[in-house]
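Start from the sequences, fold in the hints, and give me the full structure.
Listed here are the chains, written in short residue letters.
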Amino acid sequence: MDATATYVLPYVLRLADTCLIHSQRLSEWCGHAPVLEEDLALSNIALDLLGQARALLTYAGQLEGVGRDEDQLAFLREERDYRNLVLVELPNAAASPSDGAGGRDFALTTLRNAALSIWLELLYERLQASTDAEIAAIAAKSLKEVRYHRQHSSDWVVRLGDGTAESHGRMQAALALLWPYFNELFAAEGVAGVGPAWKELEPEWRARWAALMQEASLTLPRDSAMQPRGIDGIHSEHLGHLLATMQYLQRAYPGGVW
Amino acid sequence: MNLAAARERLAQVPDPEIPAVTLMDLGIVRELRETDTGVEVVLTPTYSGCPATELIADDVRAALAGFGDVTVTLQRAPAWSTDWISPAGRDKLQRYGIVPPQCQVGDGSGQAIRVVPKLRCPRCDGGKTEQLSRFGSTACKSTWRCIECGEPFEYFKPI
Numbered sequence: 006m007d008a009t010a011t012y013v014l015p016y017v018l019r020l021a022d023t024c025l026i027h028s029q030r031l032s033e034w035c036g037h038a039p040v041l042e043e044d045l046a047l048s049n050i051a052l053d054l055l056g057q058a059r060a061l062l063t064y065a066g067q068l069e070g071v072g073r074d075e076d077q078l079a080f081l082r083e084e085r086d087y088r089n090l091v092l093v094e095l096p097n098a099a100a101s102p103s104d105g106a107g108g109r110d111f112a113l114t115t116l117r118n119a120a121l122s123i124w125l126e127l128l129y130e131r132l133q134a135s136t137d138a139e140i141a142a143i144a145a146k147s148l149k150e151v152r153y154h155r156q157h158s159s160d161w162v163v164r165l166g167d168g169t170a171e172s173h174g175r176m177q178a179a180l181a182l183l184w185p186y187f188n189e190l191f192a193a194e195g196v197a198g199v200g201p202a203w204k205e206l207e208p209e210w211r212a213r214w215a216a217l218m219q220e221a222s223l224t225l226p227r228d229s230a231m232q233p234r235g236i237d238g239i240h241s242e243h244l245g246h247l248l249a250t251m252q253y254l255q256r257a258y259p260g261g262v263w
Numbered sequence: 150m151n152l153a154a155a156r157e158r159l160a161q162v163p164d165p166e167i168p169a170v171t172l173m174d175l176g177i178v179r180e181l182r183e184t185d186t187g188v189e190v191v192l193t194p195t196y197s198g199c200p201a202t203e204l205i206a207d208d209v210r211a212a213l214a215g216f217g218d219v220t221v222t223l224q225r226a227p228a229w230s231t232d233w234i235s236p237a238g239r240d241k242l243q244r245y246g247i248v249p250p251q252c253q254v255g256d257g258s259g260q261a262i263r264v265v266p267k268l269r270c271p272r273c274d275g276g277k278t279e280q281l282s283r284f285g286s287t288a289c290k291s292t293w294r295c296i297e298c299g300e301p302f303e304y305f306k307p308i
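Those sequence lines, one after another, are chains S and G.
The numbering of the first sequence is this note's numbering, which starts it at 6 and goes up by one.
The numbering of the second sequence is this note's numbering, which starts it at 150 and goes up by one.
Among these hints, one or two may not hold up.
[As the list claims (entries may be wrong)] Calculated lysine to aspartate or glutamate pairs in the DMTMM-like style (CA-CA distance at most 20 angstroms, straight line): (1) G:K306 with G:D240; (2) G:K306 with S:E43; (3) G:K306 with S:E42; (4) G:K306 with S:D44; (5) G:K306 with S:D160; (6) G:K267 with S:D160; (7) G:K267 with G:E297.
Honestly, the hints are just simulated from the structure, not real lab data.
As structure tokens, then:
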């Protein structure tokens, strides 16, 4: 691996794994969303993110240079090798699966989708101008997709936050739970010319987020000092369980294909 | 090698998810060129996660059987845009019951998609319609309903 790839590879993996794990969590809604239209929407968003993850993982495999493809990176790495944000591996509900809702909370999913789509939109806007042609091409394509995700999830945040007492309360609770994990959105180092330090996205992300919260009548919690480090492979207890489901087939039937 | 014949054959290949239009109509086919041993087709996928991408490549290979080795190359940049759908393709979508994109995406600033358009129903031409969801049966469409005739329909989102 040449010197540049040493720095670019982790940068790409952080984004690739974030898209992949976010997609996997969203796909858990397939067949369970509150309404049919939303079932289609969440599945389609998951599919876009999976496509983005595939392109990024394929490129990560090339940068790594030891012959691993997208499937090997997705299905044969261990938990500590994953570089996704802890935010995306958190389950779709704070409560246990025995709460009757099957471990899915639409408020939490909606809020997480909005936070990530605003962040991805800002990041892809910057990466379009990357000196790395492959990253620039993936970003230009993905940007078009995440704009629709952002519109869709923002609409829901406003509708639920500014809705009934029940929906408002659920959104406020989801915000309190997720807020400390948003810190990691700004944690990764940049690579000169290739991609910005995520810290550079923070002012604009915070401005957009504050505007959305105001429109949705939601109150921002106090800032937290928590610093999750999924981007360094330090994960919550949830990622292992997610991988057990996601990787089961390749582990049980190595090399299996469609 | 008869490149014109190959092009004619390629022009017949329908989109697997919206068979009313061809791959050419959608502007997915960027290039067809002769190689030393056959032909190369350059395709631009519509959406990153479009599950039809592999199927489309297979369909192209099958359609060009007899033209030597068929190489299918996926090219991501410049990213596919609905601006590339041909006028014939737009007509076919409309007749099929999918309203074609109502604006040009142009420079890619994202300005075009901020406005929810006013659509006419592709079935009864009624003007009272509403968007039910920004997503539909596939990533490229949103779901609508005509208030006048009560029928659902889809809109091909500008991207």
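Given the hinted pair K267 of chain G and E297 of chain G, is their Cα-Cα distance within 20 angstroms? holds (14 angstroms)
Holds or violated: are the alpha carbons of K306 of chain G and E43 of chain S at most 20 angstroms from each other? Measuring from Cα to Cα gives roughly 17 angstroms; hence the hint holds.
Check the hint pairing K306 of chain G with D44 of chain S against an upper bound of 20 angstroms on the C-alpha distance. holds (18 angstroms)
Please work out if K306 of chain G and D240 of chain G have their alpha carbons no farther apart than 20 angstroms. holds (15 angstroms)
Pair hint outcome, K267 of chain G versus D160 of chain S [Cα-Cα no greater than 20 angstroms]: holds (18 angstroms)
Given hint D160 of chain S paired with K306 of chain G - CA-CA distance at most 20 angstroms: Holds, because 17 angstroms separates the two Cα atoms, which is no more than 20 angstroms.
Does the structure keep K306 of chain G and E42 of chain S at a Cα separation of 20 angstroms or less? holds (16 angstroms)
The structure is consistent with each of the numbered hints, conforming to all of them.
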